[in-house]
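Participant: Take a look at the letters that make up each chain.
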Amino acid sequence: MLEIRYVWEIPVRVTHWINALAIVVLSITGLFIGFPYLIAGVDGGFVMGWIRFIHFVAAYVLTASMLARIYWMFAGNHHASWRAFLPWRTAEGRRNFIKMLRYYTFTGKQISYEVGHNPVAAVAYAGIFVLLIIQIVGGFALYAQYNPGGMMAASTAWILTLIDSQWLRLIHHAIMWLLAGFFINHVYSAALMDIKERNGTLSSIFSGYRYIEPKDL
Amino acid sequence: MKNDLDPMNAGEIPEEILRKWEAKGISRRDFIKFCTTMTATLALPLTFVPQVAAALEDKRLPVIWVEYQSCSGDSEAFLRANQPTAAEIILDIISLEYAEVIMAAAGHQAEKSKWVAMEKYKGQYLLIVEGAIPTGENGAYCTIGGESAVESAKKLIKNAAATITVGTCASFGGLPAAAPNPTTAVGVRDLVPGATIVNLPGCPVNADNLTATLVHFLTFGKLPAVDVLGRPKFAYGKRIHDNCERRAHFDAGQYAESFDDAGHRQGHCLYKLGCKGPEAFHNCPTIRYNEGLSWPVMAGHGCIGCASPGFWDTMSPFYRRLPQVPGFGVEATADKIGLGLVGATAAAFAVHGVASAFRKGDAMESDKVKKEE
Ligand code: HEM
Ligand code: HEM
Ligand code: SF4
Chain W
1 MLEIRYVWEI PVRVTHWINA LAIVVLSITG LFIGFPYLIA GVDGGFVMGW
51 IRFIHFVAAY VLTASMLARI YWMFAGNHHA SWRAFLPWRT AEGRRNFIKM
101 LRYYTFTGKQ ISYEVGHNPV AAVAYAGIFV LLIIQIVGGF ALYAQYNPGG
151 MMAASTAWIL TLIDSQWLRL IHHAIMWLLA GFFINHVYSA ALMDIKERNG
201 TLSSIFSGYR YIEPKDL
Chain E
1001 MKNDLDPMNA GEIPEEILRK WEAKGISRRD FIKFCTTMTA TLALPLTFVP
1051 QVAAALEDKR LPVIWVEYQS CSGDSEAFLR ANQPTAAEII LDIISLEYAE
1101 VIMAAAGHQA EKSKWVAMEK YKGQYLLIVE GAIPTGENGA YCTIGGESAV
1151 ESAKKLIKNA AATITVGTCA SFGGLPAAAP NPTTAVGVRD LVPGATIVNL
1201 PGCPVNADNL TATLVHFLTF GKLPAVDVLG RPKFAYGKRI HDNCERRAHF
1251 DAGQYAESFD DAGHRQGHCL YKLGCKGPEA FHNCPTIRYN EGLSWPVMAG
1301 HGCIGCASPG FWDTMSPFYR RLPQVPGFGV EATADKIGLG LVGATAAAFA
1351 VHGVASAFRK GDAMESDKVK KEE
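For the record, the sequence lines run as chains W and E.
So for the first sequence, my numbering puts the first residue at 1; every next one is plus one.
So for the second sequence, my numbering puts the first residue at 1001; every next one is plus one.
Because the hints were derived from the structure by calculation, they are not lab data.
Note that this is a predicted model, so its numbers are computed, not measured.
One thing to keep in mind: the hints can contain errors.
Stated by the list, open to error - Simulated crosslink set (SDA-like; lysine to any residue; CA at most 25 angstroms straight-line):
# : chain 1 : residue 1 : chain 2 : residue 2
1 : E       : K1233     : W       : Y146
2 : E       : K1360     : W       : A121
3 : W       : K215      : W       : E3
4 : E       : K1020     : E       : C1203
5 : E       : K1370     : W       : A121
Model the full assembly from the supplied sequences, consistent with the hints where possible.
Facilitator: This is the structure in structure tokens:
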């Protein structure tokens, strides 16, 4: 008998959609900051001012949401745990990872049967979390430059001793493109697995529920 | 009682000091202007003006100015660009014991005067270093009178009361240290870590900042407060972008797209022409160069971040906002590579999707599927 399992708790779903929204807003505004394609007319306006303001508001939203998600990695269920992102830790996880990889590359037909993340996706998410943390820490280091005497500058100064701010900008810029690449991959894979797994993957990130046959586990 | 903070009385310079300078041929007006400019440059309240004026008494502070891998641009900036009276004042209160560009002596005679001055004013003189110091091949790339710059600089720094580096080369290695740094050039702080140094980078140093640093030393007997890179906070404590006169155009989204377009003629922001003001720290927008006449962005050219460590490598290309992506061709920008990446991902998944759609027998729970009539 199929069971309806409650997999993604509210904090996982809420932070997922806040993150997704913030990343979209940050990427659009960031792209504009990097390459301002709108030229305000003669009388101007405050185009760049607003765009940067939105970027920084979204930056704080993303930061808060990421902090909440990291807290939930320790407080939530085992699908939300930090362990769920490191399938390579166990022999079974490694096996399932290879199974999934073979499925994706058309060298195997079997999908690994999972209640939570599929192992390949889990590794990708771990990478995304790392990229987002780099983006946040680096972003605040760049942001702090408006007030070199301030607290934010003091707490991010170590970054600028490791790397010049120009390279940091380039990295900040490059990570945006990596996130864009992930976005395509992620939405495609979610749809693909929703079709193939027949377990409600896509709707699960809205509702939290997945359809699982305990016998197949 | 006289209130020190009363703005009407603040900044009053005692009559006898003014008279003394007048006797030397410096008008009251020029002297007061000099003292107030210096006080303002040092970001001190105007109540300090009398203290600054009093400190400018003829102290004859011994100064040794040496050059290594330099173009003498900093000497030039100091000696020529300054207002004649400011130069007169500062040259009147310091005693320039050795300075290659302006001294009459040459050869062994000059060398001797340097070492004599060092011995005579041991622990008291101020050392000014211009130019980077090559450490490669045991310092053979720069030798003066048979002695390497490394040896000479170490000796002079060790015996000085304090060292001021002028220009980016002396501060951080600058141009000679740019990749691939063939002579292994370094700045003073890397040559003698822990020495009492204040760095005045810039290409060239801003003469007003150098004068103000000297005035600070004379007034308070110590070097000004510095940031993590050893640069005085009064001069390098703010970002160029945050004090720039074109900043309103930046916020408005009005940018010059090329050096001859309408936006450029209207004084629009130079961000898209590669201005590095958003990552450069210097007081150029407020004190400017050449007697406050102008500075690069005012003149229509983007900032190149010349006061930053390694600017030649990290701030280039000067006409692009971001550095070149390493390992890619000259014309590749981060955006072109990024767009390529995203395009390739989309294409790959489109193909993957088509292939997956035609795949049979890989779906789960097939035994549970019931077709609706
Ligand atoms: C930039 C935007 C996005 C990012 C960074 C992102 C990231 C993530 C992450 C990290 C997870 C793991 C959940 C967790 O444990 O926190 C996840 C799960 C999921 N996301 Fe997204 N997501 C984005 C956009 C989307 C969009 C637009 C969709 C829907 C079309 C979507 C659908 C899903 C689904 C269905 C899952 C659960 C899949 C599973 O792990 O089995 N995501 N996403
Ligand atoms: C997913 C997250 C983010 C993305 C995709 C993103 C994207 C970008 C991009 C593309 C730029 C333009 C870079 C350039 O060409 O110079 C930029 C600039 C910037 N971002 Fe982000 N960003 C993100 C998060 C953050 C965060 C969390 C902060 C923290 C405050 C931040 C602060 C900044 C700052 C200060 C700038 C430079 C703005 C300026 O020069 O005026 N970003 N961002
Ligand atoms: S010209 Fe340069 S420093 Fe000035 S506002 Fe534009 S980007 Fe900033």
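Participant: Next step is simple, just say for each hint if it's right about the structure.
Facilitator: Comparing the hints with the structure gives:
A C-alpha spacing of about 14 angstroms is found between E/K1233 and W/Y146, which places the hinted pair at or below 25 angstroms, so the restraint holds. The straight-line distance between the Cα atoms of E/K1360 and W/A121 is roughly 23 angstroms, inside the 25 angstroms bound, and the hint therefore holds. Restraint check: the Cα-Cα separation between W/K215 and W/E3 comes to about 10 angstroms, which is no more than 25 angstroms; the hinted pair holds. Distance restraint check for E/K1020 and E/C1203: the Cα-Cα separation of roughly 36 angstroms exceeds the 25 angstroms cut-off, and the hinted pair is therefore not satisfied.
Of the supplied pair hints, the one linking E/K1370 and W/A121 is violated, its CA atoms being roughly 29 angstroms apart against a limit of 25 angstroms.
The structure is inconsistent with the numbered hints 4, 5, although it conforms to all the rest.
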